[in-house]
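All chains should be built: construct the whole structure from the sequences, respecting the hints.
Residue numbers (my numbering), protein chains in the order written: chain A, 1 to 542; chain B, 1001 to 1114.
Worth double-checking, as some hints may not be accurate.
If the Cβ cut is set under 7 Å, some of the chain A residues that face chain B in the computed set are [to be verified]: (1) K197; (2) L200; (3) V203; (4) T211; (5) G218; (6) G222.
Have a look at the derived ranges for each label pair, beta carbon to beta carbon [what the hints assert, rightly or not]: (7) F1026(B) / G58(A): 48 to 56 Å; (8) A1085(B) / D518(A): 46 to 54 Å; (9) H1102(B) / L246(A): 36 to 44 Å; (10) A1014(B) / P486(A): 56 to 64 Å.
Hints in this document: simulated from the structure, not taken from any laboratory. Being a predicted model, the structure only gives us computed values, none of them experimental. No residue lacks a Cβ here, since even glycine has one placed at the ideal position from N, Cα and C.
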Amino acid sequence: MNGFMHLPILPVVLPLIAGIVLLALRNAPLRLQRGVSLAAALALIPLAVSLLQSVSDGSHLVYALGNWEAPYGIVLVADRLTAWMLLTTSLLAAFALLYAVGAPSGGTSSHSTKPASGQVAGYPQPSPQMGEGANARPTPTYDRDGRHFHVLFQLQLFGLNGAFLTGDLFNLFVFFEILLLASYGLLLHGGGRLRVKAGLHYVVINLVGSTLFLFAVGTLYGVAGTLNMADLAVKLAATPADNVALVRSAGLLLFGVFALKAALLPLYLWLPAAYAHTSAPVAALFAIMTKVGVYSILRVYSLMFGNDAGAVAGLLDAWLAPLALATLALGMLGAVASTALKQQAAYLMVASIGSLLLAFGLGSTEAIAAGLYYLPHTTFATAALFLLADSIGRARGTLADRFESGPAMPGARVLGGLFFVIAMAIAGMPPLSGFIGKFMLLKAALASPLLPWVWSVVLVTGLVGLIALARSGSLLFYRTHSSHDPAAQTPTNAALAPVVGLLLLVAGLVIWAGPLSDYASATAAQLLQPQLYIGAVLGTTP
Amino acid sequence: MEMLIALVIGVLTAGGVFLALRGQTFPVVLGLTLLSYAVNLFLFVMGRLAIGVPPVISDAASAYTDPLPQALVLTAIVISFGMTAFVIVLAIKSRAELGNDHVDGLQREEDRNA
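Structure representation (structure tokens):
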């Protein structure tokens, strides 16, 4: 068996098998479960790297499942964009998982206190046992707080990788459902009142989104008679005049669904509550979840509604950039108005979605390249902020991560230093990669008619974000008083290491900015030539 | 027959949307179920309506119906069934945790800061 030939399907199958094995091992020692889960998550990195290498010459790897040929069978397609997303996902997942198995799980630590009602991340109850009792029993970690953490984590990766790889619109729906179902479990993992409340909203709104997705897919199938994305692109370009309105409405419905997953402006309201109340490693992993929506928008609208699509071309031109600008502005305002660090991180994530979709909405090669370079940066930086917010919350004891002046925290130098670096990265200050991404975006906007809007909104929101982060940093680290909180915990190395790791990745984005931005440009150029993708999938050379 | 099916889908969707916008979790779950029925029917008829013709190739058949939507509906039914089961369990759990079946929970003093 030639392993290379099966390379595109391995990132999908590996987490699935690991998830099933972990389900069978549910009563095995935790050490073994962790080993399997970590090994599977780490193995995704070399897989993604080798996939990246084999598509970096601009080729498309097409994997026909069961060897059924393209328009009739289901295909997985790997191109530059897919490999880029897979690598981002696998790196993020590895650090999120390291945090989940290593870091103490905050206020929920003491198992002897009554679980459930008081156990909400970020709002720990003071517990008399905390401190001296912690050494007697094994350190509570996030994967201990409830059952099946590792199973859900692997299935989440299965859904994510599948969504990035699939070349079939209905399969995209199926992988969306898989990653959503796993995310429901992860979001609620550990339980707690606020978490259940936020989780209910998240689940219901996503179920409605799935229904709309099916309506859109059904309409497209009814018109074009195919669900293969490449074949759809061919068929939609030749839509007869009677059906143009139908196809356009289905396309916009699909955009609504992806915008919901990506948390674009009118549909972002679910995100801050859900992300602020879930546990830190899950929130860090979810940093890639919104990017699935962004990826789908980029893939579907560059391929099926791109410049070659005849009557249905340019479907989103009027929508995407203005909505993205509004999302960016509102997300940053939310970050200023936040009352707790995790909430602020969630709003910063909304703002980052605005920047990304703004880049993709501008639509030129340079703009898409800027967005693609910015994507891993913002994913890693936001995830690092979520993880650090958790450590900060624990070091502040009962005050948690709320923006109130409190006692000085133990380990404040390290926490403050890391916070400073993350804040610089997120606000887009030089020399970190956020600056390079924003600079590329501003430069790409020069050719756009939206130039004044883009420059003013991006620059002003950058300043607003800087003010918001500076305010929270000075409040958390400088405006302290000398009282002592017995519930405060010194951050452990295991909790800080993943944050440092994510920051090293951000630094790596700067060090190798040249080759990486070249790769992003090549990806953008490839995306704007959908006939290459169509030719590779349907076996017709363009 | 097309008109009838279209009306059924429309009524199911309207009912589903109305129920999904209610304030208690139970009507919301019912609304989501109705919506999933509507979308399953919708997917099914996207292969066009045909009576008494086979989906698989046979020598006796003169015409065929499209088998793909049937497979799609099957997948969609399984997924929506699993999702409904999950959301019911979640609704029960939130009833237990929040002490009432309102989708936002009743306001409590400590939630105001959240």
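Going through the hints against the structure:
1. Of the supplied interface hints, the one on K197(A) holds, with its beta-carbon coming within about 5 Å of a beta-carbon of chain B, less than 7 Å.
2. The interface hint given for L200(A) holds, since its Cβ lies 5 Å from the closest Cβ of chain B, which is under the 7 Å cut-off.
3. Interface hint status for V203(A): upheld, as the beta-carbon distance to the closest one in chain B is roughly 6 Å, under 7 Å.
4. Because the smallest distance between the Cβ of T211(A) and any Cβ of chain B comes to about 5 Å, under 7 Å, the interface hint for this residue holds.
5. Below 7 Å, beta-carbon pairs count as interface contacts, and G218(A) has one with chain B at about 4 Å; its hint therefore holds.
6. Among the interface hints, the one on G222(A) holds; its C-beta lies about 4 Å from the nearest C-beta in chain B, closer than the 7 Å criterion.
7. At about 54 Å, the beta-carbon gap between F1026(B) and G58(A) stays in the expected band of 48 to 56 Å.
8. Roughly 48 Å separates the CB atoms of A1085(B) and D518(A), a value that falls within the hinted 46 to 54 Å.
9. Here the CB-CB span from H1102(B) to L246(A) is close to 39 Å, well matched to the stated 36 to 44 Å.
10. Hint check: A1014(B) to P486(A), Cβ distance near 57 Å, so the stated range 56 to 64 Å holds.
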